[in-house]
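Oh and the sequence shown: position 337 is 337 in my numbering, straight run, nothing missing.
FYI, nobody ran anything at the bench for these hints, they're computed from the structure. Careful: at least some of the hints might be erroneous.
[Stated by the list, open to error] Cβ pair distances, simulated, as ranges:
1) A164 to L375: 32 to 38 Å
2) E188 to P497: 35 to 41 Å
3) K725 to Y332: 35 to 41 Å
4) S580 to N251: 52 to 58 Å
5) T595 to T562: 41 to 47 Å
6) T569 to Q180: 21 to 27 Å
7) I389 to A280: 30 to 36 Å
8) D501 to N41: 56 to 62 Å
9) S219 to N648: 53 to 59 Å
10) S90 to D501: 38 to 44 Å
11) E577 to K725: 24 to 30 Å
12) S90 to I389: 38 to 44 Å
13) A438 to T235: 53 to 59 Å
14) R694 to N648: 41 to 47 Å
[As the list claims (entries may be wrong)] Cross-link-like lysine-lysine pairs, in silico, DSBU-like; alpha carbons within 35 Å at most:
15) K524 to K321
16) K374 to K131
17) K336 to K279
18) K43 to K716
All residues carry an ideal CB built from backbone N, CA and C; glycine is no exception.
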Amino acid sequence: MRRRAAAALLAVVLSGSALAATIPVCDIRTAEQRGPAILINGKPIAPLMFAANNQFGHDDVLVREIAQAGTADVNLISFNLNLDFLQSESEAAGVIARFCEANPKAYFYPRIWLGADGDWMTSHPDDCIAKADGTRLSMVSPSSESWRTAAAEALRRRIREIAAGPYGDHFIGMHLSYLQTGEWFYPETNEFMDYSPANLRAFRAWLKKKYKKDTALQSAWNDDSARIETAVFATPEERDREDWGVFRNPNRSRRSMDMQEFQAELIPDTISHFAAVVKAATQRRSLVGVFYGYTMELHENGPRALAGSGHLGLGRLLASKDIDLIHAPNSYFERKLGAPGHFHLAVDSAPLHGKLVVIEDDTYTHTTPEPDAKLKPIAPGWAERTNSIEETLAVTRRNYASILTHRAGLWYFDLLSDGRWSDPKFWESTSLLRRMAAEIRNAGPFRPEVAFAISEESVHVLKATTSPLLMESLCLWRAELDRIGTPVGYYLQSDLPGLPDSIRVLILPNAFVVRDAEREAVRKFLKKGGTVVWNYAPDVAGPEGLDTARIAAITGIQVEATLDDVSSTFMSEVSDETWSFEKKSWNPRFHITSTDVHVLARFQQNHEVCAAARPLGGGVSVYTAVPRLPVGMLRWICQQSGVQLYRNTPGMTGVVGDYLVVHTDGSGPHELRWPRECDTIERLVPFTSYPVARSTDIWADVLPGNTTALYLCTPKPKTTKPLRKNTLTLKE
Numbered sequence: 001m002r003r004r005a006a007a008a009l010l011a012v013v014l015s016g017s018a019l020a021a022t023i024p025v026c027d028i029r030t031a032e033q034r035g036p037a038i039l040i041n042g043k044p045i046a047p048l049m050f051a052a053n054n055q056f057g058h059d060d061v062l063v064r065e066i067a068q069a070g071t072a073d074v075n076l077i078s079f080n081l082n083l084d085f086l087q088s089e090s091e092a093a094g095v096i097a098r099f100c101e102a103n104p105k106a107y108f109y110p111r112i113w114l115g116a117d118g119d120w121m122t123s124h125p126d127d128c129i130a131k132a133d134g135t136r137l138s139m140v141s142p143s144s145e146s147w148r149t150a151a152a153e154a155l156r157r158r159i160r161e162i163a164a165g166p167y168g169d170h171f172i173g174m175h176l177s178y179l180q181t182g183e184w185f186y187p188e189t190n191e192f193m194d195y196s197p198a199n200l201r202a203f204r205a206w207l208k209k210k211y212k213k214d215t216a217l218q219s220a221w222n223d224d225s226a227r228i229e230t231a232v233f234a235t236p237e238e239r240d241r242e243d244w245g246v247f248r249n250p251n252r253s254r255r256s257m258d259m260q261e262f263q264a265e266l267i268p269d270t271i272s273h274f275a276a277v278v279k280a281a282t283q284r285r286s287l288v289g290v291f292y293g294y295t296m297e298l299h300e301n302g303p304r305a306l307a308g309s310g311h312l313g314l315g316r317l318l319a320s321k322d323i324d325l326i327h328a329p330n331s332y333f334e335r336k337l338g339a340p341g342h343f344h345l346a347v348d349s350a351p352l353h354g355k356l357v358v359i360e361d362d363t364y365t366h367t368t369p370e371p372d373a374k375l376k377p378i379a380p381g382w383a384e385r386t387n388s389i390e391e392t393l394a395v396t397r398r399n400y401a402s403i404l405t406h407r408a409g410l411w412y413f414d415l416l417s418d419g420r421w422s423d424p425k426f427w428e429s430t431s432l433l434r435r436m437a438a439e440i441r442n443a444g445p446f447r448p449e450v451a452f453a454i455s456e457e458s459v460h461v462l463k464a465t466t467s468p469l470l471m472e473s474l475c476l477w478r479a480e481l482d483r484i485g486t487p488v489g490y491y492l493q494s495d496l497p498g499l500p501d502s503i504r505v506l507i508l509p510n511a512f513v514v515r516d517a518e519r520e521a522v523r524k525f526l527k528k529g530g531t532v533v534w535n536y537a538p539d540v541a542g543p544e545g546l547d548t549a550r551i552a553a554i555t556g557i558q559v560e561a562t563l564d565d566v567s568s569t570f571m572s573e574v575s576d577e578t579w580s581f582e583k584k585s586w587n588p589r590f591h592i593t594s595t596d597v598h599v600l601a602r603f604q605q606n607h608e609v610c611a612a613a614r615p616l617g618g619g620v621s622v623y624t625a626v627p628r629l630p631v632g633m634l635r636w637i638c639q640q641s642g643v644q645l646y647r648n649t650p651g652m653t654g655v656v657g658d659y660l661v662v663h664t665d666g667s668g669p670h671e672l673r674w675p676r677e678c679d680t681i682e683r684l685v686p687f688t689s690y691p692v693a694r695s696t697d698i699w700a701d702v703l704p705g706n707t708t709a710l711y712l713c714t715p716k717p718k719t720t721k722p723l724r725k726n727t728l729t730l731k732e
């Protein structure tokens, strides 16, 4: 018996060694490690990919685009595969051959759907996602241990088949795909998910790990009858309940908060489970990637979408040793010509944890036919389509300039297999992208002067239907920040201790919970003379519950809270701006009562102060009761804080090594600035055959509207500028 067991173990070991020998050794480099790059057998390759969505029966279109990408030396490709629940070995082999033959030089990184088939779900009804009313969906709960076991074994089989096949030496890893659109958020995102028996079992196990004893659970839930073994989920009514305006009181609503935190941990833990399977099956030679972290984007899917999405665990996922690549599309907000374009996620936290972000560009280009009406809801962006090759190049250049500014990777995605990337002129244009991607490996990591740090944990202290506030304080801040004229770093609040020393202005849009390490990082930042912008109700939720006195304690500025119907209309006192928020009221509404402050803005209706600044801890504290500040005020704060603004007009700005990129909304003159004196400043796009300026750090240029201009700023050797001081406040 022992001999047979030993022989079986030896066979497994030898099989694994043979498998690993057939596939490349792959790794990543982030900007912190002279990246971004994907390493294949030690050779760095720019993380530029083409992704095919082969679910619409138009593979001929995708094959043509893969071949075109190959002519432009874009030799990393992705396409869809399924586990053998849904796709046989021969069917999967046919898909791989079809797309790999389109470009024999290409390495492939398939998106693998982890879902089970109908027969499996029929035989495991308690393992399917369920609504609060018991309605079951045709999708397995991520908490199902039976599914995890079956899917993991099927994943191992698929990897062995790929490695043993004719294209095994071109297989570089797996992109793990599950839940809605393969992006790991729950279907029907405005519903409360997931009330299945499988998920309840997992929740009770989570409670056992967190509380250990019933007495601790009873104290946290304020319920003497609570038991870990019999605990139930909070009802939808409980999860919608508000305790004080938009806030949940942790002392009263901990059960709702626990359910939400459990869901937020479950998704990254499930991803990490399958990532570990891939790493083990390939002896850690292959890459693993996943769509995740849509913290600034999901609000559009409904008032409860972010709260119950499962996308509030990016920090947890970044801690996984088995994840290499984090994917997310370009934002669907402001992606049209003239707009700045945004990201879904805290893109700049990933390199701090050794991960590489790959942004998806799925722009509807000038070659795209109008999609069927049934497809438009799942493929937004048609209204922002481009109508000519010139417009396509302007948008895609803006996008890749933003992506390279943040030292991320990029894949062009044909979302509907409609040939949107089939214009040869587009692929010819990517030579500049490849050149810039190669050059920035020597340019050092992204070092912004403005940081926007979002709190995942703080979302849990808001009632589930707080989308309007989150929409303003997370999503729509980007509309202002991406126009201020300098690149902004997007981070998780939990990463405050690791932020780069280049930061001069730190914006905390939803810091309703502040942990000790974060508080200490802010203290050190202020001590160095930085400016902190606190938004709405910083640190309001503490161990003892909700307390407005905590706002003054952390900001140095006294505030009062009222529950009233004063509308949110504001007047700036430092810029020519009046703005409002669609006549919405925010309860509680805060206003500033301190008198030793530099007033920045007031409520229009009653002239109460709603934004102000004062010295604090060696730096400057700015408190705003306003859900977000407009671009003019932000530019003023940045200028007073010594931030380098690269343009005198608001708009998208990218800095990639020695390149400056600006995207324009209207035609006209622009004054542009570089941090140090340049020998020459050349405009590469739109091309001029002569330098637009010499021996200067400031130049003027007239640009057409809706275009992307690219400048090469060749610095003079050993030129520096004096350090810019923070002069924001005048009162001590």
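Would you pick out the hints that fail for this structure and give their numbers low to high? Those not satisfied are hints 4, 5, 6, 7, 8, 10, 14, 17.
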